[in-house]
Amino acid sequence: MKKTLGTLAGVAAIALSAHASAETTLTIATVNNGDMIRMQKLTDDFTSKNPDIKLNWVTLEENVLRQKVTTDIATKGGQFDVLTIGTYEVPIWAKKGWLVPLDKLEADATYDAGDIMPAIRTAVSYDKKLYAAPFYGESSMIMYRTDLFKKAGLTMPEKPTWDFIRDAAAKITDKAHETYGICLRGKAGWGENIALITTVANAFGARWFNEEWKPEFDGPEWKNALSFYVDMMKNSGPPGASANGFNENLALFNAGKCGMWIDATVAASFVTNPKDSKVAADVGFAHAPCEVTCKGANWLWAWNLAIPAGSQKTEAAEKFIGWATSKDYLALVASKEGWANVPPGTRTSLYENADYLTAAPFALPTLDAINSADPVDSTAKPKPYVGVQFAAIPEFQGIGTTVGQQFSAALAGSSTVDQALEQAQQSTLREMTKAGYIK
Amino acid sequence: MATRQSTFLGRILAAPSILVLFLWMIVPLGMTIWFSLLRYNLLDPGNESFIGALNYEYFLTDPAFFTALGNTLLLVGSVLLITIVGGILVALLMDQPIFGQGVVRLFIIAPFFVMPTVSALVWKNLLMHPVSGLFAWIATSLGFQPVDWFSNAPLFSVILIVAWQWLPFAALILLTALQSLDGEQKEAAQMDGVGPFSFFFYIVLPHLARAITVVILIETIFLLSVFAEIFVTTGGGPGLATTNIAFLVYAQALLQYDVGGASAGGIVAVVLANIVAAFMVRLIGKNLEA
Amino acid sequence: MAVYSVRRQVTMTILAWIVGLAIFFPILWMVLTSFKTELDAFSTPPQFLFFHWTLENYAEVQERSHYFHHALNSIILSFGSTLVALLFAIPAAWGMAFSPTKRTRSTLLWMLSTKMMPPVGVLVPIYLIFRDLGMLDSRFGLIMVLFLGNLPIVVWMLYTYFKEIPRDILEAARMDGATIGKEIIYILAPMAIPGIASTVLLNVILAWNEAFWTLNLTTSEAAPLTTFIASYSSPEGLFWAKLSAASTLAIAPIMVLGWFSQKQLVRGLTFGAVK
Numbered sequence: 001m002k003k004t005l006g007t008l009a010g011v012a013a014i015a016l017s018a019h020a021s022a023e024t025t026l027t028i029a030t031v032n033n034g035d036m037i038r039m040q041k042l043t044d045d046f047t048s049k050n051p052d053i054k055l056n057w058v059t060l061e062e063n064v065l066r067q068k069v070t071t072d073i074a075t076k077g078g079q080f081d082v083l084t085i086g087t088y089e090v091p092i093w094a095k096k097g098w099l100v101p102l103d104k105l106e107a108d109a110t111y112d113a114g115d116i117m118p119a120i121r122t123a124v125s126y127d128k129k130l131y132a133a134p135f136y137g138e139s140s141m142i143m144y145r146t147d148l149f150k151k152a153g154l155t156m157p158e159k160p161t162w163d164f165i166r167d168a169a170a171k172i173t174d175k176a177h178e179t180y181g182i183c184l185r186g187k188a189g190w191g192e193n194i195a196l197i198t199t200v201a202n203a204f205g206a207r208w209f210n211e212e213w214k215p216e217f218d219g220p221e222w223k224n225a226l227s228f229y230v231d232m233m234k235n236s237g238p239p240g241a242s243a244n245g246f247n248e249n250l251a252l253f254n255a256g257k258c259g260m261w262i263d264a265t266v267a268a269s270f271v272t273n274p275k276d277s278k279v280a281a282d283v284g285f286a287h288a289p290c291e292v293t294c295k296g297a298n299w300l301w302a303w304n305l306a307i308p309a310g311s312q313k314t315e316a317a318e319k320f321i322g323w324a325t326s327k328d329y330l331a332l333v334a335s336k337e338g339w340a341n342v343p344p345g346t347r348t349s350l351y352e353n354a355d356y357l358t359a360a361p362f363a364l365p366t367l368d369a370i371n372s373a374d375p376v377d378s379t380a381k382p383k384p385y386v387g388v389q390f391a392a393i394p395e396f397q398g399i400g401t402t403v404g405q406q407f408s409a410a411l412a413g414s415s416t417v418d419q420a421l422e423q424a425q426q427s428t429l430r431e432m433t434k435a436g437y438i439k
Numbered sequence: 001m002a003t004r005q006s007t008f009l010g011r012i013l014a015a016p017s018i019l020v021l022f023l024w025m026i027v028p029l030g031m032t033i034w035f036s037l038l039r040y041n042l043l044d045p046g047n048e049s050f051i052g053a054l055n056y057e058y059f060l061t062d063p064a065f066f067t068a069l070g071n072t073l074l075l076v077g078s079v080l081l082i083t084i085v086g087g088i089l090v091a092l093l094m095d096q097p098i099f100g101q102g103v104v105r106l107f108i109i110a111p112f113f114v115m116p117t118v119s120a121l122v123w124k125n126l127l128m129h130p131v132s133g134l135f136a137w138i139a140t141s142l143g144f145q146p147v148d149w150f151s152n153a154p155l156f157s158v159i160l161i162v163a164w165q166w167l168p169f170a171a172l173i174l175l176t177a178l179q180s181l182d183g184e185q186k187e188a189a190q191m192d193g194v195g196p197f198s199f200f201f202y203i204v205l206p207h208l209a210r211a212i213t214v215v216i217l218i219e220t221i222f223l224l225s226v227f228a229e230i231f232v233t234t235g236g237g238p239g240l241a242t243t244n245i246a247f248l249v250y251a252q253a254l255l256q257y258d259v260g261g262a263s264a265g266g267i268v269a270v271v272l273a274n275i276v277a278a279f280m281v282r283l284i285g286k287n288l289e290a
Numbered sequence: 001m002a003v004y005s006v007r008r009q010v011t012m013t014i015l016a017w018i019v020g021l022a023i024f025f026p027i028l029w030m031v032l033t034s035f036k037t038e039l040d041a042f043s044t045p046p047q048f049l050f051f052h053w054t055l056e057n058y059a060e061v062q063e064r065s066h067y068f069h070h071a072l073n074s075i076i077l078s079f080g081s082t083l084v085a086l087l088f089a090i091p092a093a094w095g096m097a098f099s100p101t102k103r104t105r106s107t108l109l110w111m112l113s114t115k116m117m118p119p120v121g122v123l124v125p126i127y128l129i130f131r132d133l134g135m136l137d138s139r140f141g142l143i144m145v146l147f148l149g150n151l152p153i154v155v156w157m158l159y160t161y162f163k164e165i166p167r168d169i170l171e172a173a174r175m176d177g178a179t180i181g182k183e184i185i186y187i188l189a190p191m192a193i194p195g196i197a198s199t200v201l202l203n204v205i206l207a208w209n210e211a212f213w214t215l216n217l218t219t220s221e222a223a224p225l226t227t228f229i230a231s232y233s234s235p236e237g238l239f240w241a242k243l244s245a246a247s248t249l250a251i252a253p254i255m256v257l258g259w260f261s262q263k264q265l266v267r268g269l270t271f272g273a274v275k
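Protein chains in written order, with the working numbering: chain A, 1 to 439; chain B, 1 to 290; chain C, 1 to 275.
Bear in mind the hints are in silico, worked out from the structure with no lab data behind them. Heads up, some of the hints might be wrong.
[To be verified] For lysine-lysine, the following DSS-like pairs were computed, each having C-alpha atoms within a straight-line distance of at most 30 Å:
hint: 1; chain 1: A; residue 1: Lys129; chain 2: A; residue 2: Lys96
hint: 2; chain 1: C; residue 1: Lys163; chain 2: B; residue 2: Lys186
hint: 3; chain 1: C; residue 1: Lys263; chain 2: B; residue 2: Lys186
Given only the sequences and the hints, what does the whole structure look like? Please build it.
This is the structure we're talking about:
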């Protein structure tokens, strides 16, 4: 009991002392993914170099983080000094003037903004200015089981087509032994099934909106793409696919239930880690499947650090961002946790580092995937929006979720592909009209 | 009975609560009504414009609206049914002289303490997952095909999770009511040779009527705004199978950041809730009277 | 007769334990999972007891989060809001129970109906108000929200208890010249204690588990255990074991409280449903 009281008193004392000192305290909102957790653990390195700055971490799951940060910045609540935001938000918020441009960092020679991978740099810039610094970046690619491929007498081509993937998946599938040829996202959500299905659709030559912002779900491309996805998943996918997101598929793959999984490149470090994965030794990587085109066949995403406009602590915040996204930070993580755990996908120099390339077998496929993604030119036909697996307009989250629900219904079999597309067309048309894009 | 003085006093005493609640209701409600008449996107501040009832028109003509309404009622109704029937059975069982009653009671109360997000994650991933969940393992061990819960019976799965969370609440209230049943009454009934079933239907059930009313009322309040369980498990899908009004309003507010539309949705939800409340008062109001 | 009743008792005991364990099972499973490695947590066939027991999840949670800070906030917020609610609700319920008017019942129902609006619909107005009052991420602000959210239920519960107190006793006390204050303290309070106790408990539980306002109106200073949970659920990567550990820690205090006071909770949880 005494001990508890002591602890409580200690907690109270810490809480009070935070107010008493005159140092700058940065409140940092971040997502609870592994790389950010590691950054939180390395706080001491930053504070020992900057003793006048204190860091206050607010770590939250992605959805909660997004809703809090967006509410706060839109109402100018001023709760955070550093924000972690995705490549979806950066251009929209920069355009609104909600973010502070990181001019100093961009000009800083030791920071070396030129080292940031071009695709990622484009994604976090607006009007040729850097508005957020990428912390880690990802694309999508195929992860497959080399042992199962060997057993089935298959070889993965360097740039496979979806047709090949479908046939390979069918061959590998052995439902009696709970081995499913392919695992893909199916859970409704703009960041869940829509991210993946949009890349499938891009490869089939489809686009979300035509130049007049009219949705194109009534076109043949979407129909081909969605029927392909649904048929393949029904034949060779795991049961319950319509509720599987990134994590569910990761668990399935790590438990040895999937022959192939096409998802974020960051997953590569999880599936090859023997502590988390039963199949760590038997994983191969390949470029995300193309079909009629390779444009937009793999997505592009990065988590980035940014400073909200109106913050009083811009200088300290920029210092922190400079530390967290620097080359030195990568070396720091490497020295503490090994090269394989370094946040991937932001700096070209990392992919020229021999230590990293040895430690991370997935490094080159990741680099290749990120470099081949172009958020501006990602569809066969021209499009009015920026973004590979999303359209960087404020309305997309809502629209994407509604459409995602329709698509997951088609996958679950509670509606047909035609019905799903028709409803997606109707609801998207409605929202785009309401939002004033379609006159 | 009450003198004029005491009535006055009663009003004075009740006044602070009514006042704060009134403020708590009227200030946000007033703002919400005002916002619901605007084109107001949170991501586009400074460009608000008055658009009259357009937000309501869009919300009410949304094809998802009636499905969501149906799902909401189905969810509330089913959970009520399961928790009350299940609660009565559990309460009857707990009312028996059993060994280790205290421990069993602890077990039964426990789900009430678990946060909705957590219980949804546990159910979805550790229990109901068709490949790696425990239920799937039980099914395959017994030689059955595992049930694909969230594809084939999405709404039912959500109902099951929510019902699990609320069963303890119902069971506790019903148990308390059951224990207050007169011992003499029981003995008298036994002496008269009343069978257990007629005893239950003619004596126990009427005795529980008020407790059931209470369960219905309190649970309905919370069940109308079930959200976390849906968001975590199915994201409202597949299709609209698990979209309820609360989820629909959420999509407007925190995915579209359409404050105008969400406000309209919120107002519609309040109106609907009051209709449900009025309906319930008619149906069960008598039981609330002393 | 005796034999019959012993056999019956045994049967009922077995049945009750089966039911109890079935209901408790998901929680037990969660607690077990919290001692597994991430890989074991998801392995098939599932392992019940014979897995590699580990404390690494708890160690990780300890290292990453200020558990006691959040737990302390949860305690302050849930008890604080319930106490404020009592301060308002006791007089209100007293007034409604002992000098009811024609509108008493509709007032009560109106109070309950304020809880029926989906909170997300009023998030923006409330957020704006909080911002202007400087109450974002303050315990005071959150206590206010939770207090207002629970007030209807508290008033209603107390109302039902007070109504059961025989009027004659009060009348007699008044004849003896007791003031209202004395009446409440010396007569009403002792009789209403069980009811008040269970009201407190139920509302503490509800406030403890409230996960919309507590998440959206706090950042760190005032953040309770719901925020703590939100930093463990659904990251990119396997998380079930760590989430189970965090959840076990988050529900442990309230569960212990609930278990120790379950007699009170059960006795008082009548909502006037018992005559």
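- Message: Taking the earlier hints as the rules, which of them does this structure contradict?
- Response: none
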